[in-house]
Amino acid sequence: MLKIVPSLCTECQICMEICSLAHFGENAPKRSRIWIEAEWPKEPHIFVCLACEDHDCVQACPAGALQWEDWIRLDRNLCDACGVCVESCPVGGIRIDPTEHTPLICDTCQDEFRCVRWCPAKAIERSG
Amino acid sequence: MREMVSSQSNRKERMTTKSGQWYGYAGTILDVDLDREAICCIPLDRTMAREYMGGKGFGARYLFDQLPPHCDPLSPDNLLIFSTGTLTGTLVPASSRCVVCTKSPATGLWLDANCGGFFGPELKMAGFDAIIIRGRAKEPLILLIDDDDVRLQKASDIWGMDSPATHRWIKNHLGGAFRVASIGPAGERGVRFASIISEYRAFGRGGAGAVMGSKNLKAIAVRGSKSIPIGDPERFMMYCREAYNELAIHPETGGGRQKYGTNVILSCMNEAGIHPVRNFQKGIFDGAPSVNEENIREYFIRNKACFGCPIYCSKISEVKHGKYKGTFVEGPEYENVWAFGANCENTDIGAIIKAEYLCDHYGLDGISTGNVLGFLMECVEKGILREEDIGFTFRFGDGEGIIKAIHLIGRREGPGALWGEGVKRIAEKLEGAEDLAMHVKGLEMPAYDPRGSTGIALAYATSDRGGCHLRAWPIGAEFLSTEERMDPFSTEFKAEYVKSQQDLFTVIDSCGLCLFTNFALSLRQLTQFLHSATKMDIFTSSQEILKIGERINNLVRMFNLREGLTKEGDNLPERFLKHALEDGPCRGRVVDIEPMVREYYLVRGWGEDGIPTGKKMEELNLV
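Residue numbers (our numbering), protein chains in the order written: chain A, 1 to 128; chain B, 1001 to 1623.
Incorrect hints may appear among the rest.
[As the list claims (entries may be wrong)] For lysine-lysine, the following DSSO-like pairs were computed, each having C-alpha atoms within a straight-line distance of at most 27 Å:
#1 1578/B <-> 1382/B
#2 1567/B <-> 1547/B
#3 42/A <-> 3/A
#4 3/A <-> 1259/B
#5 122/A <-> 1259/B
#6 1171/B <-> 1282/B
#7 1320/B <-> 1259/B
#8 30/A <-> 3/A
#9 1325/B <-> 1429/B
#10 1616/B <-> 42/A
#11 1282/B <-> 42/A
#12 1429/B <-> 1320/B
#13 1535/B <-> 30/A
#14 1171/B <-> 30/A
#15 1567/B <-> 1578/B
#16 1429/B <-> 1567/B
#17 1547/B <-> 1535/B
#18 42/A <-> 1382/B
#19 1535/B <-> 42/A
#20 42/A <-> 1323/B
#21 42/A <-> 30/A
Read the hints as simulated data drawn from the structure, not as lab findings.
Start from the sequences, fold in the hints, and give me the full structure.
Below, the structure written as structure tokens:
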């Protein structure tokens, strides 16, 4: 669903800003479902759910709060914020919301893919 | 590790005194008294936000109100104010900026130095619009801000470390997510052009690093997990989207700077004959065929941006061959390429990159450092200084000499002890060197020869912090604009242009955006961002916003006058007034600065003595 090209990433965090603003109505990059980690001067790493085929997180969730329906969906009523999904993700694409303590997983912005549209460097693209 | 101050009590105070819901702003100012090791939080005042916006504006008001007049900039009396802009850390493009305001040890006057990167946004997300630092710590300290947990802790382990090592130490010992602003050895040793470094970007000019060093403050580490509430997110996102689209298609922001970084103007300036060479003795660089934007670009390994910036003018470069192999920098920036290139007539790009690397490590301002080097080289050329006194070969064109000299300045070793004072003070100690010192008000000059641009000449002469190209930059309108250009030799409309651009740039510096947004975005758009982000009525009118810029500039003028500036200080070095350029399009040109300054005073509503009139002060609500 998403293809990332770290070599093009400039670490500007615009993807993180638009993600948090779109989901929470506030500018909070640390609540973004996509994030960048970098160690100067090396190429940065971009972390986001890539909607992989195995759905390890769905299997791993002890509360049954995660489901696959075109993408990963989180039922917040069932989630007990245990963080097992974070551990299970093979690409490190899930993290815990520092405010609400539930997992942050890409929901594709209902197919709008805002991070893809806003990235000025084309470091993230739609695939498939 | 020692906790000096319990943060819990701060938190309580803050919750009970916070002045209602803020949008865009964090709503709190952090006040750190290093003498008493006391930290407290002050709620942001609504009138302050309305009249001074943020960033440079806040710094101006605090410094004017709280700094004891005529204090020594390196004494505990000086204040060091880090201030984010109204829009810093938001989705508005290039909203990464944080400004540091203080009394400059280079000029003895107002200083604001502005840095991109991630420090400002992180500070805002930790819940603070600004930090006011006062006094002097008894021992080296780090100011640690982890959301509401604010404390001072010992820095004796890292005193003496260079900036990247300091950053690494903090990340290893305190946590990787901290954003850091620190000084290097140059700031510790009081170099009057020491910078404050934040992750390879700098609060560069005017010696703020020396002020921080004089306070025994090695670093500020900040980690913030809060959000910045936006007043009207839907409208705000729409305005931002428009702005991103415009920046992406504009040639200055969507093309040239993405490809070449800030070096995009190198050839243009050289062809215009205003690229200073040999300490401003010439305006055309014979070495340009080997030091231009295309040659520099070969060193780039990838693009890098500040927070929220689609322009990504930053580049990471690597020297892959030769003596300086293995050197990485974020840059090299246009000003440094000039300072260590043309100004020293050096064509070794490896040495230029190494010089910028050393400036980042020692915490030195590149422009002033390059000026000092060019000045010393000219002193050698003119027989004012002997190479025996320096200890090594030091002539124009000598890349290796540049590197050796920067080490001496950064460590203040041997002759470097004097060189760290800057060109104005070195010249006072060297007989016959005064005419070679290229500075305005004590601050060394940037990479445009004013003899070929009346606009930049006036901008330099009237800049509030001395020799600076970032208070107004008429170069764009004179040489780069795709629309009708201003005549660079004519003085017509220059006073009006410089005045209004100074007011606009002060607005941009106060709302936390990068000046590069000004290429593509309008004041109307800035107004839309400000209003939809903050919901404050004052920000619905572009005229009101420009008035804030004018108010801040007039307050800074009053500050400078109080500190002893007179109209004689609004001037340029004699070289530009009496000695004509000999080559190129500006052949035979000198600057006639006095009539321009006089006209500028008139346009500003100042008296002939350069003092704002009572009427102007009243109009700006400054009485």
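Can you name, in rising order, the numbers of the hints this structure does not satisfy? Violated hints: 6, 9, 10, 11, 12, 18 and 19; rest satisfied.
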